[in-house]
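Novice: This is what each chain is made of:
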Amino acid sequence: EAGVTQFPSHSVIEKGQTVTLRCDPISGHDNLYWYRRVMGKEIKFLLHFVKESKQDESGMPNNRFLAERTGGTYSTLKVQPAELEDSGVYFCASSQDQNSDNTGELFFGEGSRLTVL
Amino acid sequence: GQNIDQPTEMTATEGAIVQINCTYQTSGFNGLFWYQQHAGEAPTFLSYNVLDGLEEKGRFSSFLSRSKGYSYLLLKELQMKDSASYLCAVRRWAGGGNKLTFGTGTQLKVEL
Numbered sequence: 001e002a003g004v005t006q007f008p009s010h011s012v013i014e015k016g017q018t019v020t021l022r023c024d025p026i027s028g029h030d031n032l033y034w035y036r037r038v039m040g041k042e043i044k045f046l047l048h049f050v051k052e053s054k055q056d057e058s059g060m061p062n063n064r065f066l067a068e069r070t071g072g073t074y075s076t077l078k079v080q081p082a083e084l085e086d087s088g089v090y091f092c093a094s095s096q097d098q099n100s101d102n103t104g105e106l107f108f109g110e111g112s113r114l115t116v117l
Numbered sequence: 001g002q003n004i005d006q007p008t009e010m011t012a013t014e015g016a017i018v019q020i021n022c023t024y025q026t027s028g029f030n031g032l033f034w035y036q037q038h039a040g041e042a043p044t045f046l047s048y049n050v051l052d053g054l055e056e057k058g059r060f061s062s063f064l065s066r067s068k069g070y071s072y073l074l075l076k077e078l079q080m081k082d083s084a085s086y087l088c089a090v091r092r093w094a095g096g097g098n099k100l101t102f103g104t105g106t107q108l109k110v111e112l
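Line by line, the protein sequences are chains C and Y. Taking the numbering used here, the leading residue of the first sequence gets 1, the next gets one more, and so forth. Taking the numbering used here, the leading residue of the second sequence gets 1, the next gets one more, and so forth.
No lab work stands behind these hints, which were simulated from the structure alone. Hints should not be assumed to be uniformly reliable.
Computed list of lysine-lysine pairs in BS3-like fashion (alpha-carbon distance at most 30 Å, straight line) [unchecked claim]:
(1) C/Lys54 x Y/Lys76
(2) Y/Lys81 x Y/Lys57
(3) Y/Lys68 x C/Lys78
(4) C/Lys44 x C/Lys15
(5) Y/Lys81 x C/Lys54
(6) Y/Lys81 x C/Lys15
(7) C/Lys54 x C/Lys44
(8) C/Lys41 x Y/Lys76
(9) C/Lys51 x C/Lys78
(10) Y/Lys76 x Y/Lys109
(11) Y/Lys57 x Y/Lys109
(12) C/Lys54 x C/Lys15
(13) C/Lys54 x C/Lys78
(14) C/Lys41 x C/Lys54
(15) Y/Lys109 x C/Lys41
(16) C/Lys44 x Y/Lys57
(17) C/Lys41 x Y/Lys68
(18) Y/Lys57 x C/Lys41
(19) C/Lys15 x C/Lys78
(20) C/Lys44 x C/Lys78
(21) C/Lys41 x C/Lys15
(22) C/Lys78 x C/Lys41
(23) Y/Lys68 x Y/Lys109
(24) Y/Lys68 x Y/Lys57
(25) Y/Lys76 x Y/Lys57
(26) Y/Lys109 x Y/Lys81
Chain Y is faced by these chain C residues, among others (derived, beta-carbon under 7 Å) [to be verified]:
(27) Phe7
(28) Val38
(29) Glu42
(30) Glu57
(31) Pro61
(32) Asn62
(33) Asn63
(34) Phe65
Backbone N, C-alpha and C define an ideal beta-carbon position, used for all residues, glycine too.
Given the sequences, and given the hints that come with them, work out the whole structure.
Specialist: Written out as structure tokens, the structure reads:
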């Protein structure tokens, strides 16, 4: 079974440009999360999709960030225009619903490293 | 708000036992997870506690005390490949959904 896949693995862009990150969750996982790790800090929550709906987007830094999950399958996270402080590793994770048979643990992708110059 | 504390770094010897502690403060507690992350790789699930007590999984065990807001991850028979970052993460139920909050991670170095 394929795990969570993210693309690109690394992106280097200039300030003011646009970048779109893609995440393909594990098939059948309704829950999809975006997290970000800035150098030296903890992995921080950005938002949570349940199928195609945004369940919680309280962690999104500002309106330069736009996440979509059309059709409830893969998701994209667009940063436009990118700023220096957006540099970091963006992790996507997916999970099944928590129930009596399932802890609902998150399965993570390897991350997309974004460098804004 | 939430607060999760764990040591930044630890060093241990191959074959030994190491305990990584994690303290937390949160509302709506719905479980505590430990993840392992090697540099440049995805965090991978190690263990889960939602009730007080010890959960054992091979060389790894995790303990939880909800009243004390405390957990530890115990690694036995350390191997060189166990050198990695260990992330403590607390799940809370909020806004109709689950949210996982991470500590900064403990960088474990296993030496010969």
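Novice: Run every hint past the structure and note whether it holds.
Specialist: Against the structure, the hints come out as follows:
1. For a cut-off of 30 Å, the pair hint linking C/Lys54 to Y/Lys76 is broken: about 41 Å separates their Cα positions.
2. A distance of roughly 17 Å separates the Cα atoms of Y/Lys81 and Y/Lys57; the hinted pair therefore holds under the 30 Å criterion.
3. The hinted pair formed by Y/Lys68 and C/Lys78 fails the criterion: a straight-line CA distance of about 41 Å is larger than 30 Å.
4. Restraint check: the Cα-Cα separation between C/Lys44 and C/Lys15 comes to about 22 Å, which is no more than 30 Å; the hinted pair holds.
5. Between Y/Lys81 and C/Lys54, the direct Cα distance comes to roughly 38 Å. Violation of the 30 Å bound is thereby established for this hinted pair.
6. With a CA separation close to 38 Å, the supplied pair Y/Lys81 and C/Lys15 exceeds the 30 Å bound.
7. Proposed proximity of C/Lys54 and C/Lys44 is supported: the alpha carbons are some 17 Å apart, at most 30 Å.
8. For the proposed pair C/Lys41 and Y/Lys76, the alpha carbon gap of about 28 Å is at most 30 Å, so the pair holds.
9. Distance check on the hinted pair: C/Lys51 and C/Lys78 sit about 18 Å apart at the alpha-carbon level, within 30 Å; holds.
10. Restraint check for Y/Lys76 and Y/Lys109: satisfied, since their Cα atoms lie roughly 14 Å apart, inside the 30 Å limit.
11. At roughly 21 Å between alpha-carbon atoms, Y/Lys57 and Y/Lys109 fall within 30 Å of each other, so this suggested pair holds.
12. Only pairs whose Cα atoms come within 30 Å are accepted, and C/Lys54 paired with C/Lys15 is accepted, the gap being roughly 28 Å.
13. Our distance criterion of 30 Å between C-alpha atoms is met by C/Lys54 and C/Lys78, whose separation comes to about 15 Å.
14. Restraint check: the Cα-Cα separation between C/Lys41 and C/Lys54 comes to about 25 Å, which is no more than 30 Å; the hinted pair holds.
15. Restraint check: the Cα-Cα separation between Y/Lys109 and C/Lys41 comes to about 19 Å, which is no more than 30 Å; the hinted pair holds.
16. Simply put, C/Lys44 and Y/Lys57 have alpha-carbon atoms about 27 Å apart, close enough for the 30 Å limit, and the pair holds.
17. Between C/Lys41 and Y/Lys68, the direct Cα distance comes to roughly 25 Å. Compliance with the 30 Å bound is thereby established for this hinted pair.
18. For the hint linking Y/Lys57 to C/Lys41, the alpha-carbon distance of about 29 Å falls within 30 Å, and the restraint holds.
19. Between C/Lys15 and C/Lys78 the alpha-carbon distance is near 14 Å, which keeps this suggested pair within the 30 Å criterion.
20. Taken as a hint, the C/Lys44 and C/Lys78 pair is honoured in the structure, with Cα atoms around 17 Å apart against an allowance of 30 Å.
21. Only pairs whose Cα atoms come within 30 Å are accepted, and C/Lys41 paired with C/Lys15 is accepted, the gap being roughly 22 Å.
22. About 22 Å separates the Cα atoms of C/Lys78 and C/Lys41, which keeps this hinted pair within 30 Å; it holds.
23. Proximity of Y/Lys68 to Y/Lys109 is assessed by CA-CA distance (about 28 Å); at most 30 Å being required, the pair is judged to hold.
24. For the proposed pair Y/Lys68 and Y/Lys57, the alpha carbon gap of about 23 Å is at most 30 Å, so the pair holds.
25. Only pairs whose Cα atoms come within 30 Å are accepted, and Y/Lys76 paired with Y/Lys57 is accepted, the gap being roughly 11 Å.
26. With a C-alpha separation of about 9 Å, the suggested pair Y/Lys109 and Y/Lys81 falls inside the 30 Å cut-off, and the hint holds.
27. Checking C/Phe7 against chain Y: minimum C-beta separation of about 14 Å lies over 7 Å; hint violated.
28. The closest approach between the C-beta of C/Val38 and any C-beta of chain Y is roughly 11 Å, which is over the 7 Å cut-off, so the hint fails.
29. The interface hint given for C/Glu42 holds, since its Cβ lies 4 Å from the closest Cβ of chain Y, which is under the 7 Å cut-off.
30. Residue-level restraint check for C/Glu57 is violated (minimum Cβ-Cβ distance to chain Y is 10 Å; threshold 7 Å).
31. Hint status for C/Pro61 relative to chain Y: violated, with the closest Cβ pair at about 16 Å, above 7 Å.
32. The beta carbon of C/Asn62 is not positioned within 7 Å of any beta carbon in chain Y (closest approach about 19 Å), and the interface hint is therefore violated.
33. For the restraint placing C/Asn63 at the interface with chain Y, the shortest Cβ-Cβ distance is roughly 20 Å, beyond the 7 Å limit, so the hint is violated.
34. Hint status for C/Phe65: violated, given a least beta-carbon distance of 17 Å to chain Y, over 7 Å.
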